[in-house]
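Visitor: First to last, the sequence lines map onto chains R and U.
First residue of the first sequence? That's 1 in the UniProt record's numbering, and the numbers climb one at a time after it.
First residue of the second sequence? That's 1 in the UniProt record's numbering, and the numbers climb one at a time after it.
Please note that a few of the clues may not be correct.
[To be verified] Taking beta-carbon pairs under 7 Å as the criterion, some of the chain R residues facing chain U (in silico):
1) Ala41
2) Arg44
3) Val159
4) Glu160
5) Thr172
6) Val173
7) Leu178
8) Thr180
9) Ala182
10) Gly228
11) Gly232
12) Lys238
13) Ala259
14) Gly260
[What the hints assert, rightly or not] Just the calculated beta-carbon pair ranges, DEER-fashion:
15) Gly22(U) - Gly320(R): 24 to 34 Å
16) Asp57(U) - Glu4(R): 46 to 56 Å
17) Asn37(U) - Asp79(R): 42 to 52 Å
FYI, nobody ran anything at the bench for these hints, they're computed from the structure.
Glycine is no exception: its CB is placed at the ideal position from the N, C-alpha and C atoms.
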Amino acid sequence: MKSEYDVLIIGGGPGGALAAKTAAKNGLSVGLIEKRPAIGAPVRCAEGIGEDLIGEFFDEIDPKWISAKIEGAKLIAPDGSYFYLSPEMAGNEVGFVLDRKFFDRDLIWQAVHAGAEIFVKARAVDAIVEGGVVCGAKVEYNGRVQEVRAKITIAADGVESKFTRWCGIDTTVPLGELETCAQYLMTDINIEPNITVFYVGRDIAPEGYLWIFPKGERTANVGLGISGTQSGDGHRAKDYLDKYVNEFFPEGKIIEQIAGGVSVCEPLECTVSDGLIIIGDAARISDPMTGGGIYNAMYTGRLAAEVASKCIESGDLSKGALMEYDSMWRDSKMGRALERNYQMKEIFVKLSDKQLNAILTSVKNLKMADFSTLSLVKEIVKLNPKLIRDLTGLKKYFE
Amino acid sequence: MIKVRREVCGYCGACVSVCPEGALELVDAYLSVDYDNCKNCNICVKVCPLGALEVADEE
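Based on the sequences and whatever the hints tell you, model everything.
Guide: Right under this line is the structure:
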C-alpha cells in the first residue's frame, strides 16, 4: 500500500467500487480499503434492483450477477388480502434479484482493471485531519498501522460508518429511523419464482415490511425489517422472521442467515467536507420507503469520483468546490425521490393495520394508466385525505 | 455494561450506526465495545436484530 493516493476510498461495496473505477478511469491514483477479508461477504442485502436502474451503469449485464429476473410484485395486506403489480405498474419493484457475491466482486475487478489498487482486511482506524481538512486515513493493514494520505478521501463505509465520525461529522442514525433487519436465504420453499412479495402489518413487521425475493425456483431471500423503536427482547427482527418462517415455510431449509441495519432517515445535512466526500449508506442515502440502496450507492460513488476528478485537476479540494457533488445528487431524480419517499415513509409508519387493509383494498381496484410510487400514493391520499392533513411538506408532491 | 455474544453476532453494523457515543466498531469480524466511551444507554441492545447484545453486570 502506498502512503499517498489522489483518492482514497474507505469501503469496498458497490458505491466504493464505482467510485474507484470512475476515478481510476479518469487517470487518478486510487487506493480502496475494505475491512472484511473478502469483497461481497457477508452480504447484508435483499439484493433487489430495478432493471432500468442497473442498466445506467453497464453496457451489458453479466448473467452470473443475476439470481432471478422479476416480472411483478405481490402486496399482501395485514388481513391477508393481496394484489399483484404487473411489470408496467411495479416500476422499480421489477428487475433483478442479484447475486451480490458475484456482483460486488466483479465491480471490484472492474475497478482493478481500470487501475485502482484494492486492499482487503485493511481497516481505517482513524482519519487524518489537518487544520480541518481531511487528508486521508490511518490504516491497519498486515498487522501495522500506517498513514495513507489522499487529496480526496471518499467515505463509503456503509451504515455503520465510523470514518465520517472521526472527521467530526455526526452520522448517528436516530433509533426510530433505523430498520433492524434479519433475513434467511431459504431453499425448498414454495414461491412464485418471478414475483417479489411484500407483506405489511404491525403483527408481521411493525413499522417495516417483510419481503420474499426469489433467487431461483424454490429459493429466496426471506427477510424483514422493523423499526428500532419496535425492537426489543423477545420481539427482535429475527423473532418476527422465525415466527413467519415457522408458519409459512416450516419445511424450508435455511442456508444463510443475514442481519443488518438500514437507515430510513433523511440523508446527512451535508455530504462533503474539506477533502472528504461521503457516499451511499454512509451518507444515509438509502431509500426511506423501501430501504433499497444499491443503486443510490453506485450513483453517488460514480458522481463523487467525477467531482473529485474535476476538483483535483483544478487544485481546489475545499468543501465549497466539493459541494457540486452534494448539490448534484440532491437535484437528481434519485435525490428528489429520496426527499419525497422520506415524507411518504413518515405517513406509512403511522398507519394502523386497519388503515393498511383499507388502503390496499382500495388500491387493488384502481386502474392507473401511469402507475408509479408517486401515482400510487396520490391515489391513496385521494382515498384517505386525512393521512396528509398534518403533513404539509407532502403537499408539493401532489400539486 | 454491554456484553457481546460473539457466537450470535451477525457482524451487521446496526448497533454501530445508532450508538450515540461511537463506542462500537466492527473489528476483524467481531463487534468491539469501547467501554471508556459507552454510556450504557442500551440502544445497541434494543436494535440488534439477532439479540447478540445484552446488559451484563459489571464484574
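Visitor: Could you check the hint for me, namely that Asn37(U) and Asp79(R) are 42 to 52 Å apart, CB to CB?
Guide: 46 Å, holds
Visitor: Could you check if Val173(R) really has its C-beta closer than 7 Å to a C-beta on chain U?
Guide: At 5 Å from the nearest chain U Cβ, Val173(R) passes the 7 Å test, so the hint holds.
Visitor: Minimum Cβ distance from Arg44(R) to chain U below 7 Å?
Guide: Since chain U brings a Cβ to about 6 Å from Arg44(R), closer than 7 Å, the hint holds.
Visitor: For the hint on Ala259(R), does the least C-beta distance to chain U fall short of 7 Å?
Guide: 3 Å, holds
Visitor: May I ask you to test the interface hint for Gly228(R) with respect to chain U, counting a Cβ-Cβ separation under 7 Å as satisfied?
Guide: With a minimum Cβ separation of about 4 Å from chain U (threshold 7 Å), the hint on Gly228(R) holds.
Visitor: So, as I understand it, the hint says Val159(R) touches chain U; can you test that by seeing if any CB pair is closer than 7 Å?
Guide: Holds. Min distance 5 Å.
Visitor: Measuring from the C-beta of Glu160(R) to each C-beta in chain U, is the shortest one below 7 Å?
Guide: 3 Å, holds
Visitor: A closest beta-carbon separation below 7 Å is what the hint needs, so does Lys238(R) meet it against chain U?
Guide: This hint holds: Lys238(R) lies near chain U, its Cβ roughly 5 Å from the closest one there, short of 7 Å.
Visitor: Can Ala41(R) be said to touch chain U, with a Cβ gap under 7 Å?
Guide: 10 Å, violated
Visitor: Hint Thr180(R) vs chain U: min CB-CB distance below 7 Å?
Guide: This hint holds: Thr180(R) lies near chain U, its Cβ roughly 5 Å from the closest one there, short of 7 Å.
Visitor: Any CB of chain U closer than 7 Å to the CB of Ala182(R)?
Guide: 5 Å, holds
Visitor: Quick check on Thr172(R) please, does its C-beta sit within 7 Å of some C-beta on chain U?
Guide: Holds, because the Cβ-Cβ distance from Thr172(R) to chain U comes to roughly 5 Å (cut-off 7 Å).
Hint violations for this structure: number 1 only, all remaining hints satisfied.
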